[in-house]
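*Asks:* Residue numbers (this note's numbering), protein chains in the order written: chain X, 99 to 583; chain R, 99 to 583; chain F, 99 to 583.
Some hints could be false.
Just so you know, same-sequence chains aren't split out, so a pair can sit in one copy or run between any two.
Keeping only pairs whose Cα atoms sit at most 27 Å apart, straight-line, the calculated DSSO-like set for lysine-lysine is [unchecked claim]:
{"hint": "1", "residue 1": "K471", "residue 2": "K146"}
{"hint": "2", "residue 1": "K437", "residue 2": "K472"}
{"hint": "3", "residue 1": "K581", "residue 2": "K254"}
{"hint": "4", "residue 1": "K472", "residue 2": "K299"}
{"hint": "5", "residue 1": "K288", "residue 2": "K444"}
{"hint": "6", "residue 1": "K372", "residue 2": "K299"}
{"hint": "7", "residue 1": "K581", "residue 2": "K513"}
{"hint": "8", "residue 1": "K372", "residue 2": "K146"}
{"hint": "9", "residue 1": "K472", "residue 2": "K177"}
{"hint": "10", "residue 1": "K296", "residue 2": "K478"}
{"hint": "11", "residue 1": "K146", "residue 2": "K446"}
{"hint": "12", "residue 1": "K299", "residue 2": "K212"}
{"hint": "13", "residue 1": "K212", "residue 2": "K513"}
{"hint": "14", "residue 1": "K437", "residue 2": "K471"}
{"hint": "15", "residue 1": "K301", "residue 2": "K513"}
{"hint": "16", "residue 1": "K291", "residue 2": "K496"}
{"hint": "17", "residue 1": "K212", "residue 2": "K146"}
{"hint": "18", "residue 1": "K301", "residue 2": "K496"}
{"hint": "19", "residue 1": "K496", "residue 2": "K254"}
{"hint": "20", "residue 1": "K291", "residue 2": "K146"}
{"hint": "21", "residue 1": "K502", "residue 2": "K301"}
{"hint": "22", "residue 1": "K372", "residue 2": "K581"}
{"hint": "23", "residue 1": "K177", "residue 2": "K160"}
{"hint": "24", "residue 1": "K204", "residue 2": "K301"}
Keep in mind that the hints were calculated from the coordinates and are not lab data.
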Amino acid sequence: MPKRILLLFALLIPFPDQAEAIHLSQETQACLSCHMSITPGIVSDWQKSRHAITLPEEAVKKPPLERRVSTQRIDDPLKGVAVGCYECHSRNPEAHRDNFEHFGFKINVIVSPKDCAVCHPVEEEQFRDSKKANAHGNLAKNPFFTMLLETITGVKIVDLAELSIALQKPSAFTKQETCYSCHGTEVQVKGTKELETKLGKIKIPDLANWPNQGVGRINPDGSRGACSSCHPRHSFSIEIARKPFTCAQCHLEPDVPAWNVYQESKHGNIFLSKQSEWNFQAVPWRLGQDFQAPTCATCHNSLITTAAGDPIAQRTHDFGARLWVRLFGLIYSHPQPQKGDTSIIKNKDGLPLPTTLLGDPAPDYLIGPEEQKKRQAVVKGLCNGCHNRDWIGNHFAKLDNTLKEVDQMTLAATKLLVRAWQNGIADTFNPFDETIEQRWIRQWLFLANSVKFASAMSGAPDYTSFKYGWWEMTGNLREMRDKVY
Amino acid sequence: MPKRILLLFALLIPFPDQAEAIHLSQETQACLSCHMSITPGIVSDWQKSRHAITLPEEAVKKPPLERRVSTQRIDDPLKGVAVGCYECHSRNPEAHRDNFEHFGFKINVIVSPKDCAVCHPVEEEQFRDSKKANAHGNLAKNPFFTMLLETITGVKIVDLAELSIALQKPSAFTKQETCYSCHGTEVQVKGTKELETKLGKIKIPDLANWPNQGVGRINPDGSRGACSSCHPRHSFSIEIARKPFTCAQCHLEPDVPAWNVYQESKHGNIFLSKQSEWNFQAVPWRLGQDFQAPTCATCHNSLITTAAGDPIAQRTHDFGARLWVRLFGLIYSHPQPQKGDTSIIKNKDGLPLPTTLLGDPAPDYLIGPEEQKKRQAVVKGLCNGCHNRDWIGNHFAKLDNTLKEVDQMTLAATKLLVRAWQNGIADTFNPFDETIEQRWIRQWLFLANSVKFASAMSGAPDYTSFKYGWWEMTGNLREMRDKVY
Amino acid sequence: MPKRILLLFALLIPFPDQAEAIHLSQETQACLSCHMSITPGIVSDWQKSRHAITLPEEAVKKPPLERRVSTQRIDDPLKGVAVGCYECHSRNPEAHRDNFEHFGFKINVIVSPKDCAVCHPVEEEQFRDSKKANAHGNLAKNPFFTMLLETITGVKIVDLAELSIALQKPSAFTKQETCYSCHGTEVQVKGTKELETKLGKIKIPDLANWPNQGVGRINPDGSRGACSSCHPRHSFSIEIARKPFTCAQCHLEPDVPAWNVYQESKHGNIFLSKQSEWNFQAVPWRLGQDFQAPTCATCHNSLITTAAGDPIAQRTHDFGARLWVRLFGLIYSHPQPQKGDTSIIKNKDGLPLPTTLLGDPAPDYLIGPEEQKKRQAVVKGLCNGCHNRDWIGNHFAKLDNTLKEVDQMTLAATKLLVRAWQNGIADTFNPFDETIEQRWIRQWLFLANSVKFASAMSGAPDYTSFKYGWWEMTGNLREMRDKVY
């Protein structure tokens with residue numbers, strides 16, 4: 099369709115009142131003229147967003163603590179117009195292997211963190227080297243975890259005649275909707291394909307491992323991550339990102355029960371009871387004023403100030419930046435890794451793990467006591483918004499003890515597994531496929547994690563006790579012992 | 099109490115402002131005069147409903163897309179009055195075996211879909227032949243499922259002297275509060291009984307299998323279903339029906355984890371974060387305008403239009419009408435059944451199941467490819483409200499692959515079960531009572547279902563992975579194998 | 099810091115508008131002058147509370163049904179001032195072993211129910227002898243449960259050389275964050291310690307088993323309980339206490355799935371769908387007017403009236419006062435205990451349990467039929483707000499049958515356990531540490547409880563059926579049998 103006709107259509111676009119004064123680029127008007135009826139939901143979503151009603155050059159003028167953009171200056175193509183379809187979907191076309199000719203415009207299918215960085219460079223930079231941004235490779239490039247993934251998600255074929263169970267390689271589709279649904283896929287451009295539409299045939303990029311919003315997605319421009327994981331999808335909402343339902347998509351039981359533990363905690367109780375009266379849009383986010391109890395974002399990444407505007411914690415999009423100890427995902431607790439790319443870690447036994455199977459850490463790859471202390475101070479400062487320092491000290495002393503005890507419970511399970519290997523009850527060829535091996539995984543990945551999370555977030559008694567907690571750690575150990583002896 | 103006195107009382111009824119202009123029938127005023135103080139909660143509930151403030155003859159005059167009633171004309175007794183107690187509880191008395199004399203009026207205890215059909219005939223007709231309306235018989239008339247039900251819900255008596263465990267027949271009460279709580283009971287009128295009340299002794303029908311709001315309830319007028327399952331209870335709320343908490347009562351883990359999967363999905367995340375700003379009352383329900391992400395009702399049955407009022411999907415109260423493949427409840431995936439009454443299905447082995455135990459479908463009872471395609475087009479049209487067609491195509495290609503793989507995982511379990519039967523590890527007399535048989539059920543009823551739902555609703559990674567997903571499908575298979583070899 | 103300077107600071111305290119007319123004591127102004135910046139969150143929390151804007155002497159003048167305080171007169175130090183920091187944290191200093199000198203004031207760290215009783219004496223009195231207030235001792239003074247606790251929460255050490263698993267005594271920290279997180283710890287004053295603060299070194303009490311908000315906490319003034327368990331934390335909210343998220347912190351699956359069952363019930367469905375329109379602050383709480391479906395508090399303890407103000411149930415802070423049968427926590431159902439201190443109970447076999455291991459009750463310690471009937475009448479009166487008496491009668495007849503059947507399923511498990519003991523498959527030295535013993539615990543503590551709760555709250559079909567329900571009671575029994583025979 100010729101560009102001129104599209105622009106004619108643009109004049110007819112009904113637009114919400116608040117946005118009428120905002121100028122849209124001609125390109126964005128052209129996008130809207132069709133997508134208003136082709137995909138009306140995302141247009142509505144965008145119309146409700148700040149992007150639709152904000153001129154970036156106004157956004158940069160806000161006082162530092164109130165700013166939602168981190169760039170210091172707005173470049174030419176973004177001057178004078180709101181942030182519409184074309185402003186985001188046309189960036190860095192040369193890097194985007196998913197760029198394609200679309201009714202006279204060069205469009206990228208996927209908007210990547212690198213594209214967002216034109217206005218939000220500090221956020222992108224913080225995120226870029228985080229564990230989250232590296233979530234794809236931290237799984238795909240780690241042979242230990244890849245073997246676990248393939249053991250679990252491959253189809254098993256029983257052959258009764260041969261008395262065997264054959265394990266097939268997992269399909270790309272299944273990997274996409276299991277582990278890589280959170281970790282992020284590598285979106286690949288296989289070529290182009292034709293699609294029949296109301297406006298005739300169109301040519302589009304043929305993408306593999308797509309759709310996917312995993313936080314560590316590898317994008318066709320080579321960048322890592324998906325901002326839409328937490329700021330979905332054309333509303334780019336800070337509110338949604340600050341609510342725990344967002345983190346809950348990936349951080350939940352049985353392996354990462356952060357959300358479940360939060361829900362049972364006093365903080366979660368207050369959030370669930372009072373959330374409708376809180377302000378999830380405010381920047382900065384004022385403790386006591388905008389909210390009465392923390393959500394995930396409060397402790398892990400938001401810019402938090404007092405009601406009077408005094409900073410309590412700086413914003414970060416490196417979601418591990420305030421963490422000193424790594425509670426989950428691995429066999430034993432250990433100091434946080436130095437880098438977001440954890441696939442480079444080697445323990446003393448040469449395995450790509452931050453501790454040995456008996457719990458000995460690999461200090462060369464982990465942060466030291468000084469850095470741990472610095473990070474803990476940030477979190478304690480946040481706790482101190484509502485709790486006195488003695489309370490906080492006792493809380494973290496309790497956590498330290500729990501980590502020690504829970505690691506002992508994992509060590510007990512590991513020792514029983516080693517005995518099973520020695521006894522020939524299980525073989526070491528694949529450490530993930532036999533029943534006793536799966537019980538061992540259960541001990542650290544589900545049960546130990548639950549107790550550690552519940553201890554860290556204080557007050558989710560069932561996750562320390564009867565639901566995946568000490569009850570099951572104890573019972574699981576007993577069942578392992580019954581198999582071994 | 100004489101009718102005249104009741105009407106005198108009626109003058110004293112305090113009534114909310116908005117309703118004052120609405121005329122109530124004399125009979126309804128009489129009901130209210132007592133029930134205002136006898137059961138004040140349901141009176142308040144009704145007062146807040148549209149029924150209390152709407153004249154049906156006004157409701158039929160609305161433009162077609164805005165109509166909440168589907169009848170074309172209002173019959174005499176409903177003319178000029180709001181829809182009150184008596185208008186619903188007095189209908190079709192000759193058919194209602196639960197009709198009784200109550201202070202001078204002939205009242206039905208239960209209001210059935212057939213009664214509601216006086217104003218909502220299209221909804222009742224769509225519902226009448228659906229699987230939901232047949233949910234009671236689809237269980238009660240299927241000997242395979244009845245045997246499962248009786249194996250599970252009957253009391254077991256251990257006799258240590260005789261070294262036996264005797265299985266008793268389940269009680270009516272337990273059947274009422276387990277399977278038939280969702281599937282619906284058959285409410286039977288056993289006779290009449292006396293009840294002591296503040297106003298003296300009254301005679302009422304003596305009902306068995308009551309109370310119950312199961313969606314496939316057999317009513318004393320011979321009709322099937324309970325509108326109050328989803329539109330509870332005297333508020334007849336469209337809002338509650340559209341919120342996923344309603345569907346969640348029956349469609350939840352471990353056997354039907356639709357709600358759990360939704361909660362973890364991006365759609366659920368957005369709903370939980372933004373629901374307070376949405377309009378759950380609007381008819382039609384406008385995508386982008388009234389809501390930003392779908393709930394169960396959006397995809398499965400509501401009338402959906404664009405913000406401009408262009409229809410995207412027509413309303414249906416046959417909740418399977420938009421479904422082409424049957425994901426849950428049965429051993430293998432298969433095309434949707436042709437009729438809501440699935441108790442008539444016979445597979446090639448003569449079992450009342452839509453596939454054989456090895457997965458071979460019974461095509462005579464299932465919809466064909468054309469019908470499947472037509473239904474899929476409706477759902478894809480809904481997705482297209484926010485997602486482009488390539489995204490949608492990839493999504494459903496992924497689902498197709500998942501169904502194939504998950505069915506293979508169920509087949510693997512079935513083969514191990516067959517071997518157990520051959521080995522004499524379990525007997526075939528009752529295929530549900532031995533440990534390995536229960537593991538087989540677990541494989542398809544809990545684990546396969548979870549993965550299939552999570553794939554269909556896109557983005558509930560734990561239900562494909564560690565929580566009832568591939569992790570447990572794999573582990574369960576291993577444990578079956580350990581028992582068999 | 100000298101007191102005079104603190105008071106100078108007080109003049110600068112920014113205060114919300116609504117509170118400006120309220121006089122604060124000089125002591126509270128002094129507290130605020132520092133804590134405004136030291137712990138701003140709790141100051142904000144308090145500022146939003148009724149305490150901050152209410153003069154107790156006004157609160158006592160309200161009509162009886164609207165009163166939120168139960169004292170008849172306000173004593174001198176509370177006259178003319180709002181209820182601020184000092185009014186609560188300075189009470190009964192002679193009894194408080196946690197009292198300490200703090201910048202010129204004598205302050206208690208912990209505010210106990212006994213302190214709250216100055217304005218809320220009736221609530222404190224009702225609570226004092228309840229099972230909740232005795233929750234610490236009911237566990238700590240019962241050797242049966244203490245042994246269970248120690249078996250579960252102690253670290254296990256595997257010694258491969260000696261082929262043994264050694265059970266260590268649980269640490270104080272782990273007990274604090276498992277069982278005693280709900281049951282309440284005994285907070286002990288070990289002495290004093292120094293804390294480095296922005297204002298220099300300060301001396302504070304050195305507390306053990308702290309922080310803790312368990313409902314049966316033993317306080318340093320010798321009193322029992324923590325009002326902040328349900329009215330957190332400086333907002334003292336009646337709204338939060340009335341929302342089910344509060345009770346959900348402790349009353350949840352797998353052992354006490356009250357919240358999970360509620361969530362799946364029709365009551366829960368309506369609450370979750372409509373809560374934003376309800377009034378959770380109103381006193382009295384008017385059925386139909388302020389809420390359309392009950393929460394935990396409605397049935398168990400709130401003062402409930404009709405919209406017209408007629409009382410339906412009186413307020414109680416003895417949370418068992420409306421209960422006639424004890425569903426959970428113990429092996430078999432039985433009448434509620436006569437006293438909140440259940441550690442005094444002895445069954446016929448001399449065990450500290452309300453029934454024998456075969457289900458025979460210990461009537462001397464349990465309420466009789468008359469008292470049961472009286473309590474049931476209160477609950478039936480509440481149901482009657484929305485349901486007719488026949489419905490209610492059927493509901494409770496169903497519950498009675500369920501209790502009988504579920505107790506039979508527990509008895510079956512007990513018999514298999516006894517056989518295992520006789521066979522030498524397990525030893526009786528510790529009845530909680532072997533796999534078959536853990537399955538027996540699972541039968542009554544998780545599975546039976548689930549069915550009983552689901553039956554009592556009507557309409558959570560998965561908790562009677564597939565999720566911890568009859569499905570698992572049946573399967574668990576089968577697995578016990580497989581081990582025994």
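*Asks:* If a hint holds in the structure, say so; if it doesn't, say that too.
*Replies:* Hints, verified against the model:
1. K471 - K146: neither (42 Å within a copy, 35 Å between copies)
2. K437 - K472: For K437 and K472, the Cα distance is within 27 Å only inside one copy (17 Å; across copies 51 Å).
3. K581 - K254: Intra 24 Å, inter 17 Å, cutoff 27 Å: intra and inter.
4. K472 - K299: between (58 Å within a copy, 21 Å between copies)
5. K288 - K444: Intra 34 Å, inter 45 Å, cutoff 27 Å: neither.
6. K372 - K299: Neither, since 51 Å and 37 Å both go past 27 Å.
7. K581 - K513: both (13 Å within a copy, 25 Å between copies)
8. K372 - K146: Cα proximity of K372 and K146: in one copy and across copies (24 Å, 12 Å).
9. K472 - K177: Neither way: K472 and K177 sit 40 Å apart in one copy and 47 Å across, limit 27 Å.
10. K296 - K478: between (58 Å within a copy, 14 Å between copies)
11. K146 - K446: neither (53 Å within a copy, 55 Å between copies)
12. K299 - K212: neither (31 Å within a copy, 49 Å between copies)
13. K212 - K513: Classified as neither: same-chain Cα gap 46 Å, cross-chain 51 Å, threshold 27 Å.
14. K437 - K471: within (17 Å within a copy, 49 Å between copies)
15. K301 - K513: Cα proximity of K301 and K513: none, with 58 Å in one copy and 46 Å across.
16. K291 - K496: Result: close only across copies, 18 Å inter versus 58 Å intra.
17. K212 - K146: Intra 24 Å, inter 43 Å, cutoff 27 Å: intra-copy only.
18. K301 - K496: between (60 Å within a copy, 22 Å between copies)
19. K496 - K254: For K496 and K254, the Cα distance is within 27 Å only across copies (19 Å; inside one copy 44 Å).
20. K291 - K146: neither (33 Å within a copy, 54 Å between copies)
21. K502 - K301: Close neither inside one copy (58 Å) nor across copies (30 Å); limit 27 Å.
22. K372 - K581: neither (49 Å within a copy, 50 Å between copies)
23. K177 - K160: Only inside one copy: K177 and K160 sit 16 Å apart there, 47 Å across copies, limit 27 Å.
24. K204 - K301: Classified as within; 12 Å inside a copy, 68 Å across copies.
Against the hints set out earlier in the document, violations occur for numbers 1, 5, 6, 9, 11, 12, 13, 15, 20, 21, 22.
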